[in-house]
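Put together the whole structure using the sequences plus the hints.
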Amino acid sequence: MAKVRVHELAKQLGMESKEVLAKLQELGEFVRSASSTVEAPVVRKLVALYPDAKPKEEAKPVKKAAAKKPAAKKAAPKKSTKDEDLKLINDFE
Numbered sequence: 002m003a004k005v006r007v008h009e010l011a012k013q014l015g016m017e018s019k020e021v022l023a024k025l026q027e028l029g030e031f032v033r034s035a036s037s038t039v040e041a042p043v044v045r046k047l048v049a050l051y052p053d054a055k056p057k058e059e060a061k062p063v064k065k066a067a068a069k070k071p072a073a074k075k076a077a078p079k080k081s082t083k084d085e086d087l088k089l090i091n092d093f094e
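Our numbering puts the first residue of the sequence shown at 2, with every later residue one more than the last.
Calculated directly from the structure, the hints in this document are not laboratory data.
Ideal placement from N, C-alpha and C gives every residue a C-beta, glycine not left out.
A hint or two may mislead.
[To be verified] Pairwise CB distance ranges, derived in the manner of DEER restraints: (1) N91 to K70: 43 to 49 angstroms; (2) F31 to P56: 22 to 28 angstroms; (3) S34 to K55: 21 to 27 angstroms.
[Said to hold, decoys possible] DMTMM-like, lysine to aspartate or glutamate: derived pairs with alpha carbons at most 25 angstroms apart: (4) K19 to E40; (5) K19 to D53; (6) K55 to E20; (7) K55 to E30; (8) K75 to D86; (9) K12 to E27; (10) K4 to E17; (11) K4 to E40; (12) K12 to E30; (13) K4 to E20; (14) K55 to E17; (15) K55 to E40; (16) K46 to E20; (17) K55 to E9; (18) K24 to E40; (19) K46 to E9; (20) K24 to E9; (21) K19 to E30; (22) K55 to E27; (23) K46 to E27; (24) K12 to D53; (25) K12 to E40; (26) K4 to D53; (27) K19 to E9; (28) K4 to E27; (29) K24 to D53; (30) K46 to E17; (31) K4 to E30; (32) K46 to E30; (33) K75 to E85.
So this is what it looks like as structure tokens:
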């Protein structure tokens with residue numbers, strides 16, 4: 002086990018980072034913030050102190066779907082009549 006950050010350990014134990022920081026300081030560890038790292042033996046010691054600790058379920062924010070705007074309808078190409086086609090052909094010649 003490598004070094005673990007205090008906030009990761011708190012998440013693993015289902016506790017607040019502040020609580021874990023306080024307990025680590027009681028144990029004589031030099032930790033200043035939730036981003037401080039803790040050695041593996043200290044992690045094992047703290048996990049042993051809280052054997053019933055379970056990770057908290059994260060409440061993920063529900064994202065609302067963006068309101069979709071109706072697509073602008075494109076005008077269908079106008080069908081030409083035979084007379085218009087003949088006129089275009091005659092104008093072309």
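* To do: Take a quick look at whether K75 and D86 sit within 25 angstroms of each other, Cα to Cα.
  => holds, 23 angstroms
* Going straight from one Cα to the other, do K4 and E20 come out at no more than 25 angstroms? -> Holds: K4 and E20 sit about 19 angstroms apart, inside 25 angstroms.
* With respect to the beta-carbon atoms only, verify the hint that F31 and P56 lie 22 to 28 angstroms apart. => For P56 against F31, whose Cβ atoms are near 26 angstroms apart, the range 22 to 28 angstroms holds.
* To do: Quickly compare the C-alpha distance for K24 and D53 to 25 angstroms and report which way the hint goes.
  => Cα-Cα ~16 angstroms, so holds.
* Asked: Would the pair K19 and D53 pass a check requiring their Cα atoms to be no farther apart than 25 angstroms?
  -> holds, 19 angstroms
* Does K12 pair with E40 here, judged by a C-alpha cut-off of 25 angstroms? -> It holds: about 16 angstroms lies between the C-alpha atoms, which stays within 25 angstroms.
* Within a Cα-Cα threshold of 25 angstroms, do K4 and E30 meet the stated pairing? -> holds, 13 angstroms
* **Restraint check for K19 with E30, where alpha carbons must lie at most 25 angstroms apart** => At roughly 14 angstroms apart (the allowed maximum being 25 angstroms), E30 and K19 satisfy the hint.
* **Beta-carbon spacing of N91 to K70 - inside the hinted bounds 43 to 49 angstroms or not** => At roughly 45 angstroms between Cβ atoms, K70 and N91 fall inside 43 to 49 angstroms, so the hint holds.
* Asked: Does E9 lie within 25 angstroms of K46 when you go C-alpha to C-alpha?
  -> Within the cut-off at roughly 15 angstroms; holds.
* Given hint E27 paired with K46 - CA-CA distance at most 25 angstroms -> At roughly 12 angstroms apart (the allowed maximum being 25 angstroms), E27 and K46 satisfy the hint.
* Take a quick look at whether K19 and E40 sit within 25 angstroms of each other, Cα to Cα. => holds, 18 angstroms
The structure meets every hint from the earlier list without exception.
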